[in-house]
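Letter by letter, the chains look like this.
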Amino acid sequence: MFDSGILFPSLINGLTTGAVYALIALGLTLIYGVLHIINFAHGAALMVALYAVYLLKERFGIDPYLALPLVVPGMFVLGYALQRLIINRASHGKDENILLVTLGLSIVMENAALLFFKSDTRTIETAYTLTTVAIGPAMIALPKLVAFAGALLVSGLLLWIVGKTDLGRAIRAVAKEKHGAKLMGIDVDHVYAMSFGIGLACLGAAACFLLPAYYVNPQVGGGFVLVAFTVVVLGGMGSFVGALLGGLLIGVVESLGGLYLGESLGQIGIFAIFIAVLLFRPQGLFGAKA
Amino acid sequence: MTSGGKELAGIFLFVALVAGIPLATDSGVILNFVMMALYAALLAQAWNILGGFGGQFSFGHALFFGTGAYIQAIAQLQGGLNAWLALFMAVAGSAGVGALVGALSFRYGLKGSYFALVTLAFAEVFRILALSVPFTGAGVGLMLPLHESFANMQFGSRKGYVYLVLAFVAAALLLTWWLKHSRFGAYLQAVRDNEDAARAIGVNPFGVKLGAIVLSGGLMGAGGAFYVQVFQYIDPGIAYGPGTSVEALVAAIVGGMGTLWGPVLGALVLHVLADLTRNLFGQLPGINMVIYGMVLVLIVMFLPRGIAGLGATAKSLWKKSGGRRG
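Those protein sequence lines, which keep their order, are chains X and A. At position 97 of the first sequence the residue is numbered 97 (the numbering used here), and the sequence of numbers has no breaks. At position 154 of the second sequence the residue is numbered 154 (the numbering used here), and the sequence of numbers has no breaks.
Any given hint might turn out to be false.
Derived pair list, reagent style SDA-like, types lysine to any residue, alpha-carbon separation capped at 25 Å [stated by the list, open to error]:
| # | chain 1 | residue 1 | chain 2 | residue 2 |
| --- | --- | --- | --- | --- |
| 1 | X | 118 | A | 273 |
| 2 | A | 180 | A | 170 |
| 3 | X | 118 | A | 241 |
No lab work stands behind these hints, which were simulated from the structure alone.
Chain X with its partners taken away, still in its complex shape (with noise of 0.2 Å):
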């Protein structure tokens, strides 16, 4: 077997990139906890903030760190709209509508950018990119190392949001209960659209700290939106710490799978988890039993 020096930087890797999922699968567990719809636009709308990054690198030369203040809002609109706009019109109070709605959001998305950007994959140079830092035996890439701290803050942020805000005990009032939270006095629409909005401003920031060491092209989103899903329904549909732990979880198992089985069957590690937490677990490792 592989002695630690491999298995060690491998796993902070994993960490590292988990915590990006973990933020990514924040945004979406929480529309799911308070809509209670699943997002199938959630892996388009993050390429979408992907190419908005890159974008303000290569035709403005802002760092994808200090576009932070503008994707972030800019993805915050974007949610928001959608959901007021198109989502909530389409839904008629069934859910499947929103299914086939966002899904519909996602191809119209997706193939757009085929369209404007050709099917190419982009990546962005910074001075940062190639930095290293030893952690131990390991060599961590810079940018994944901010996008650690960065990915935890974010989240922390989303939990005090959440947690300790009026708009946050708004917005557990209509999880909650939403007929209840109508009649005292709570804009419901609005609060739907605030936590759209807000789930995929995490995924605004989440492109930001991505980028500086990933890629983008169209299809990009199909692959983050499955292990974003998989993090969800494995840390319990709605619930934040679950998403958290599970994000990193995840980031571990799909590192320590590429290690031992290759790139690509490592991935069917993290789908044989997705299946199967559906089937056997559907309420998550964290979730409370259904």
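Fit chain A to the supplied structure of chain X, relying on the hints for placement.
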């Protein structure tokens, strides 16, 4: 005539009319359009059995399509089998995969979004497996050698393929007709509308849904086999990628879920749209899918019952406005 009899007559009329097209024209453009529209209708009809009549939305129907396609190719290439025998195996094999996925998901009561996700994940697993194992030709794909003859199910002109796919579509229409008028179909629709109520009157939801996914998977597998016979090539992306899953689902929903003619209508409308955009914008990558996605969103927003349900939607709107006045 009873409504069932009228529908049956409609099916025979449709098949007779379409069968006349290859006799009336030699135009490659028209024949190709008819073939591709019928092929899309076949995929949509397959999805409709499980999604429309069973209410189980699969986002990974490529799972069955790809399995049918690979069996069709591998049985001939490595098994040395006759193409018609291969077709039989392709249908049986993809129905078998349907039974497997159905047994697992329905046994554990997966529904709605969860079922959609699990079918998507299964298709993805099969795609990665097809990329990794040697007998699928991995990323290079499989190429079927060109040997035009009836025994090889390869035809010199598009006309042969039009008749072949028309036969599949006719079979799918008859199967759908049977679903509408049989006890099994009534059970299936009862489970779709209210599973608990159906169980209370003695319907076995697990068995009924399993039957639907087997039929749906087998038909989708026939679509995959047809694809291989026409294009003589298959690779993991074509077989198990999301494109086919989306096409089948969108056509069925646009036309009208749970109806006899909806999938055929939807496939026709989408192909006309695709051809129009090709004429307007030229051959741009992704443009068709952008249109499909937009049509899907618009249909769900404004015509939740699809084109086939246009009459019913208009009627209920009329009633609603009448109710307001009264």
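Hint-by-hint comparison with the structure:
For the hint pairing residue 118(X) with residue 273(A), the CA-to-CA distance comes to about 22 Å; that is within 25 Å, so the pair holds. In summary, the hint linking residue 180(A) to residue 170(A) is supported, as the alpha carbons are separated by about 15 Å, within the 25 Å threshold. Between residue 118(X) and residue 241(A) the alpha-carbon distance is near 18 Å, which keeps this suggested pair within the 25 Å criterion.
Of the numbered hints listed earlier, not one is contradicted by the structure.
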